[in-house]
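Given the structure of chain A, go ahead and fit chain B onto it with the hints provided.
Protein chains: 2
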Amino acid sequence: MRLMGLILALKLNVWMFWEKMRELAVDDPRRIFHCFKVGLALTLVSLFYYIGPLYDGVGGTAMWGIFTVIVIFECTVGATLSKGLNRGMATLVAGAFGFVVYWLASHFGEKAEPVVLGISVFFIVSAVTFLRFIPAVKTQFDYGVLIFILTFSLVSISGYRENKLFELAHQRLSTIAIGGFMCIVISIFICPIWAGEELHQLITCNIEKLADSLDGCVFEYFNESASTADNEEPGQKSQAYTSVLINSKATEESLAKFAQWEPPHGRFWFWHPWKQYLKISAAIRCCTYRVEALNGSINSEIKAPKFMKKHISDACMKLSSQFSMVLKELATTTKSMRRSSNIEFLVSKMNCAVEDLRNALDSLPHQLPLPLPPPSIEAMKEKNPCIWTINMPLTEVMPLVVVTSLLIEIAGRIQGVVDAVNELAILANFKPAVGKSKLRDNN
Amino acid sequence: MRLMGLILALKLNVWMFWEKMRELAVDDPRRIFHCFKVGLALTLVSLFYYIGPLYDGVGGTAMWGIFTVIVIFECTVGATLSKGLNRGMATLVAGAFGFVVYWLASHFGEKAEPVVLGISVFFIVSAVTFLRFIPAVKTQFDYGVLIFILTFSLVSISGYRENKLFELAHQRLSTIAIGGFMCIVISIFICPIWAGEELHQLITCNIEKLADSLDGCVFEYFNESASTADNEEPGQKSQAYTSVLINSKATEESLAKFAQWEPPHGRFWFWHPWKQYLKISAAIRCCTYRVEALNGSINSEIKAPKFMKKHISDACMKLSSQFSMVLKELATTTKSMRRSSNIEFLVSKMNCAVEDLRNALDSLPHQLPLPLPPPSIEAMKEKNPCIWTINMPLTEVMPLVVVTSLLIEIAGRIQGVVDAVNELAILANFKPAVGKSKLRDNN
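Chains as they are written, first to last, in my numbering: chain A, 1264 to 1706; chain B, 1264 to 1706.
One or more hints might be untrue.
Here are the simulated DSS-like cross-link-like pairs (lysine-lysine), alpha carbons at most 30 Å apart as the crow flies [to be verified]: (1) B:K1573 - A:K1566; (2) A:K1538 - B:K1401; (3) B:K1591 - B:K1538; (4) B:K1520 - A:K1512; (5) B:K1512 - B:K1694; (6) B:K1401 - A:K1274; (7) B:K1612 - A:K1573; (8) A:K1283 - B:K1572; (9) A:K1500 - A:K1581; (10) A:K1401 - B:K1274; (11) A:K1612 - A:K1694; (12) A:K1566 - B:K1612; (13) B:K1598 - B:K1694; (14) B:K1566 - B:K1581; (15) A:K1542 - B:K1500; (16) A:K1538 - A:K1566; (17) A:K1572 - A:K1591; (18) A:K1591 - A:K1542; (19) B:K1581 - B:K1569; (20) A:K1401 - B:K1542; (21) A:K1512 - A:K1283; (22) A:K1598 - A:K1520; (23) A:K1401 - A:K1283; (24) A:K1569 - A:K1500; (25) B:K1572 - A:K1572; (26) B:K1538 - A:K1500; (27) A:K1283 - B:K1591; (28) A:K1401 - A:K1500; (29) B:K1569 - A:K1401; (30) B:K1512 - A:K1500; (31) A:K1512 - B:K1500; (32) A:K1591 - A:K1538; (33) A:K1591 - A:K1694; (34) B:K1520 - A:K1520; (35) B:K1401 - A:K1500; (36) A:K1566 - B:K1274; (37) B:K1612 - B:K1500; (38) A:K1572 - A:K1500.
Hints in this document: simulated from the structure, not taken from any laboratory.
So here's chain A without its partners, still in its complex pose (with noise of 0.2 Å):
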């Protein structure tokens, strides 16, 4: 029986562990695709060993083409490319230097020569180590200098022992170049991930995400509070967006950086703005604080009295309906990198819903029932009913002015995000509109 279970109990570990897997793979199944292209990048660089004549053009240092392979080898094009050239360059100009530093220690005599290098290998690498401390250097050629140190303390040190250096060290430069020739190749060639796309696309999303999720919000709480008989709290899935965007920033740095480093390619030529990208992200983000908020003060625990909501949802709705166009128009834009013909229109007819939504909230308190008009009042009510106004406490319009305050910042946000696109459509040259869509005809 217990051998039953711990069978069982293995049986459906495998299981859950296998589910997760083909999750990852359905998820992305260009991560298999990596997958092989590493498999097959160092089954070509292991045809050295195999195959006699090659193992011995390289005089046995077979080994650093399969380091380089294993170690360069990244999802993206551009990060392979930033690690591979990276390693390429560091190699190079450590070699020259680590053989420098060996050829003048070895002046000083045999007994001296350790000494000497032991002294100038310490100083020189932590110098070199100290770099690594500053930012700029840090995010672009961290690797670089790491592969700096490691081949300069090879060469200076290893050239005490190894009598045939230059010739050691021409061998393994020639297979680091062969391993690192071979990953480049095969990540561009074989289907390729390129850094710049899943960034444009990251950032195509996001905008659209964030249309969604301001949408998701709004809609939810004007319209379900009415039916609060729903388990789910509003603005859930507008929360989980929310969270996913102002998490996305690593991803998108990273591939800004990598994407810096390919070559032109798809829609994509030379010294496109990828700078431009994180401008806009960060447009998002801005933006997606605010959304946060709504989010939060929607689901605070003093709710607005539903006479008040009523009157001020319609404006709501519609500016939340032109926040989605905007976004939505600008997604397309970046999505097609043409022009948009209507963007302009729609942002001012947002600033229109924006001031709607002010005035909505500016003749509310003409509309609100007194709520103990005292007996004399009726009277005066039929002389002059302009003044007669609120007593209602400011806490319980509460709820309801912050969520149009913040409505209200959102739509200057998202003038950040139109302006962030508009320079990216400068920027990146972004083909002319084509006439005149269909949304400007039917308003």
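The following block gives chain B in isolation, referenced to the frame of chain A:
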């Protein structure tokens, strides 16, 4: 002249570079120690080259020691340990695994051997590469898996060429072990930088920063706007802080990850709840988003009428000072690792201040002068002063209502930070509080 200009420009550049370096060093002098520690470890390992018997002892595989030192040595003890242990374990397992594959392949006869080897390496490497996509593996064991692939390929493939594979593997393993051991010993015993201690300090510091930013933001809004002659926008300093708080997530996560690998040190015992620090930081970040929103509404274009602002200014300032007190008490609790005797009292006072602010906001309408009192009204006002309320558009009240609402929401979020710190106090067995602090007596 041109030459002089060139030399001057060069001089300036070198000087600027030097200044930057000096800044980095002064900012955190431990960076220099770290560099010298790396130099020391490398020099010690390179003794295996300089001293004959040692060199022969490891059969010329001293290179692997240098390699290990350079790749493993990180700033914090935890990172070094994590990389070292990952490397050690992965090398052992992969070595054994590679040996088995090589041994199996060698049974297929001389012709078939490279084919069998190639195919099995291709599939095993592809499969293991896929493991790196699993998030849990990626965060904690990515380096280990990389080393596994590396060692496995080297052992199984080079087995085809090397005659004394076993001896070679043994020698390499021992140099790797020596290099790793040296790194670990040096990083633990010479000016150690513990990831755990860093995380602890970072969180304490972040709580203080939150307090300062909140304090500064509210103070500047209610005080400085009277003297708007000042060039600086209100909340600029506070904004700088909030961006630091929002962006410190990645650092905290990596510190927490590495802290788990560290042995007990200082005040931190085994199984110190490092993950709880991440919960505290999440609560802080949650609060920071609201402070960011507060900054936004403080800098918004619509300014609240001064007389209204003045009315709730006291309540807001009081609440903000309560925030400060609670947060500073939390910082002290975390820093001293000693439970606080009056945090509950401070929290209840904070909640009272929230109520006061609510009341102040509610009493606001009654105090407002009617903008255009109709002539007939003056008489009625004396009879029934209570119903004379604002006829002011809600949009004008908006900024103030939003600020109030955000402050009230922040109170809720600070409660979240308090809960997270209390949980840490329980999980980490903080010492009991000593006596009642002065604060209570003062109140």
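Hints and how they fare:
1. B:K1573 - A:K1566: At roughly 27 Å apart (the allowed maximum being 30 Å), K1566 (chain A) and K1573 (chain B) satisfy the hint.
2. A:K1538 - B:K1401: Judged against 30 Å, a Cα distance of about 27 Å means the pair holds.
3. B:K1591 - B:K1538: The hint holds at about 22 Å.
4. B:K1520 - A:K1512: Holds, at about 20 Å.
5. B:K1512 - B:K1694: Within the cut-off at roughly 28 Å; holds.
6. B:K1401 - A:K1274: The hint holds at about 25 Å.
7. B:K1612 - A:K1573: With a Cα-Cα distance of about 36 Å, the restraint between K1612 (chain B) and K1573 (chain A) is violated, given a limit of 30 Å.
8. A:K1283 - B:K1572: With Cα atoms ~56 Å apart, K1283 (chain A) and K1572 (chain B) exceed 30 Å; violated.
9. A:K1500 - A:K1581: Within the cut-off at roughly 21 Å; holds.
10. A:K1401 - B:K1274: Between K1401 (chain A) and K1274 (chain B) the Cα gap is close to 25 Å, so the pair holds against 30 Å.
11. A:K1612 - A:K1694: Judged against 30 Å, a Cα distance of about 24 Å means the pair holds.
12. A:K1566 - B:K1612: Holds: K1566 (chain A) and K1612 (chain B) sit about 25 Å apart, inside 30 Å.
13. B:K1598 - B:K1694: holds (12 Å)
14. B:K1566 - B:K1581: It holds: about 21 Å lies between the C-alpha atoms, which stays within 30 Å.
15. A:K1542 - B:K1500: Holds. K1542 (chain A) to K1500 (chain B) sits at ~22 Å (cutoff 30 Å).
16. A:K1538 - A:K1566: violated (43 Å)
17. A:K1572 - A:K1591: holds (27 Å)
18. A:K1591 - A:K1542: Cα-Cα ~18 Å, so holds.
19. B:K1581 - B:K1569: holds (18 Å)
20. A:K1401 - B:K1542: With Cα atoms ~28 Å apart, K1401 (chain A) and K1542 (chain B) stay inside 30 Å; holds.
21. A:K1512 - A:K1283: holds (26 Å)
22. A:K1598 - A:K1520: holds (21 Å)
23. A:K1401 - A:K1283: violated (34 Å)
24. A:K1569 - A:K1500: Given that 30 Å is the threshold and the Cα spacing comes to 23 Å, the pair holds.
25. B:K1572 - A:K1572: Between K1572 (chain B) and K1572 (chain A) the Cα gap is close to 26 Å, so the pair holds against 30 Å.
26. B:K1538 - A:K1500: holds (26 Å)
27. A:K1283 - B:K1591: Between K1283 (chain A) and K1591 (chain B) the Cα gap is close to 44 Å, so the pair fails against 30 Å, i.e. violated.
28. A:K1401 - A:K1500: violated (37 Å)
29. B:K1569 - A:K1401: violated (49 Å)
30. B:K1512 - A:K1500: holds (23 Å)
31. A:K1512 - B:K1500: holds (23 Å)
32. A:K1591 - A:K1538: Satisfied, since the Cα-Cα distance of roughly 22 Å is no more than 30 Å.
33. A:K1591 - A:K1694: holds (18 Å)
34. B:K1520 - A:K1520: holds (25 Å)
35. B:K1401 - A:K1500: holds (27 Å)
36. A:K1566 - B:K1274: violated (66 Å)
37. B:K1612 - B:K1500: holds (27 Å)
38. A:K1572 - A:K1500: holds (22 Å)
Hint check: violations occur at hints 7, 8, 16, 23, 27, 28, 29 and 36; the rest are consistent with the structure.
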